[in-house]
Amino acid sequence: MNDLGPEARSILEAARGAEAPTRADRQRIKHAVLLRVATLGAVSTTAGGAVAMSLATKVTVAALTVAVLGGGSVTLLVRKERAAPPVPVASARVASRTAHVSPSRPVAVPEAPAVVEEPSAKPVQPEVRRREVARPEVRPAEPVSAPVTEVTPAPVPALNSLDPELTVLRQAQEDLRAGLPAQALRRLSEYDRRFGKGALEQERQALAAIALCRVHPGPAAQAQAEDFLRAAPESPLAERVRSACKRSGEISRKSNGIAPGREP
Amino acid sequence: MRSPAGNVLETAALSGCACVPDFDTVYEAQLDFVWRTVRRMGVRPADTDDVVQEVFFVVHRRLAEFEGRAQLKTWVFKILVHVVRHYWRTHQRKPGDQAAEDPAEIQTLASDHENSPSAMLERVEALRVLDGLLARLDQDKREVFVLAEIEQMSAAEIAEIVEANVNTVSSRLRAARQEFEKALLRFRAQELRRQP
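Protein chains in written order, with the working numbering: chain F, 25 to 288; chain B, -6 to 189.
You may find that some hints are simply not true.
[Unchecked claim] The calculated EDC-like cross-link candidates involving lysine to aspartate or glutamate, where the alpha carbons are at most 16 Å apart (straight line), are:
id	chain 1	residue 1	chain 2	residue 2
1	B	K175	F	D27
2	F	K270	F	D251
3	B	K175	B	D131
4	B	K175	F	E31
5	F	K221	F	E263
6	F	K270	F	E250
Read the hints as simulated data drawn from the structure, not as lab findings.
Whole structure, please, built from the sequences with the hints as guidance.
Take a look at the structure:
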């Protein structure tokens, strides 16, 4: 093969390793991926998928909505999972086994859009099915009196039911990231119109406060931020709201004749 | 530079270990490489996040299928190539259609990773020139060139990733190098003409 000349080599050498994602990039992308996994139900799409996902990741998937959208969602997801309808089991033993098996069972959920693979060129390896059978992720510790397939509740639909709300909030979040707070506010109004006090209302409030503080920092924005902070002081989004609305607070205090730094 | 996590994974792959690495480990080991390659494959900086996310979303979905027969990096890169090809299709643009990337965007990306202003300028300039030259290669040649010259993969590894035989890869690489050199000469000639 022809070799490259010294200048071409020098350009390639200088460019090699010049770009790497920042820490913020790493976290942002990972959160986005895991949020998508959670919302599209890919967690349970294959039995093996659950094997490959570490416990930490499973926790992260649940906690993602916190990281990306807000604190109430974790509570929400956990609550919905606990509120799943009772399992129609034949015996207590079956119920016990089900509790172990269900997280890794295939669940009929919408698959992610097939944007990647071309039919003839999938990066799939031929023995996939065999491996899935050969490596069951749950070892039966005791005899089971009914087929597992008949007894498994699927928590994922609870996640799917949040998709429309999550989509609007994610878009608003992206608008904020892109420096388009007014557009984010418009989307959040759309959320109000479509979902009223939706399941992710707390997250909507936080994003609305952040957007408002960026568009019109002042007393109105500050009031919105304070409403949210009063309602959800422990939310992981609270710090972001405080930070985004710091200037609003200062403007608000000035307009009330209070020196900056002094709380009323 | 390969991370310790990457070493562990590659060792496992080479030893034929059937263990499936968990997503966190794969993500940490492969993100730098995926990010860098997505950029060099002609994805606009503004779209880098989305494309990298798509790659890791597919990785997450298919991780259980990873057999340890191929190197993890090769497996991830196959996914990456499909995602980037889809990106080109949906954006109706080919790498060869575009001019050099926006230098401001390149500078933004490079500036986080540089220590001194002079080193930064040198690398920003290198990235600007490199992306301009890569943009003149067609999709097939660009893939092969990036893998060989930037990621320093062997012809056999590249053949597996782009699903072509080794002779085809060698032929594409030879042509890509020639075109790259010619484009570099043209670029320098234009620069000379622009100088007062």
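Do the alpha carbons of B:K175 and B:D131 lie within 16 Å of each other, as the hint requires? Roughly 14 Å between the alpha carbons, so the hint for B:K175 and B:D131 holds.
Is the straight-line distance between the alpha-carbon of B:K175 and that of F:D27 16 Å or less? Given that 16 Å is the threshold and the Cα spacing comes to 13 Å, the pair holds.
Are F:K270 and F:E250 close enough, with their CA atoms no more than 16 Å apart? Measuring from Cα to Cα gives roughly 11 Å; hence the hint holds.
Holds or violated: B:K175 and F:E31, Cα atoms, limit 16 Å. holds, 12 Å
Given hint F:E263 paired with F:K221 - CA-CA distance at most 16 Å: violated, 23 Å
If you draw a straight line from the CA of F:K270 to the CA of F:D251, is it 16 Å or shorter? holds, 15 Å
Hint violations for this structure: number 5 only, all remaining hints satisfied.
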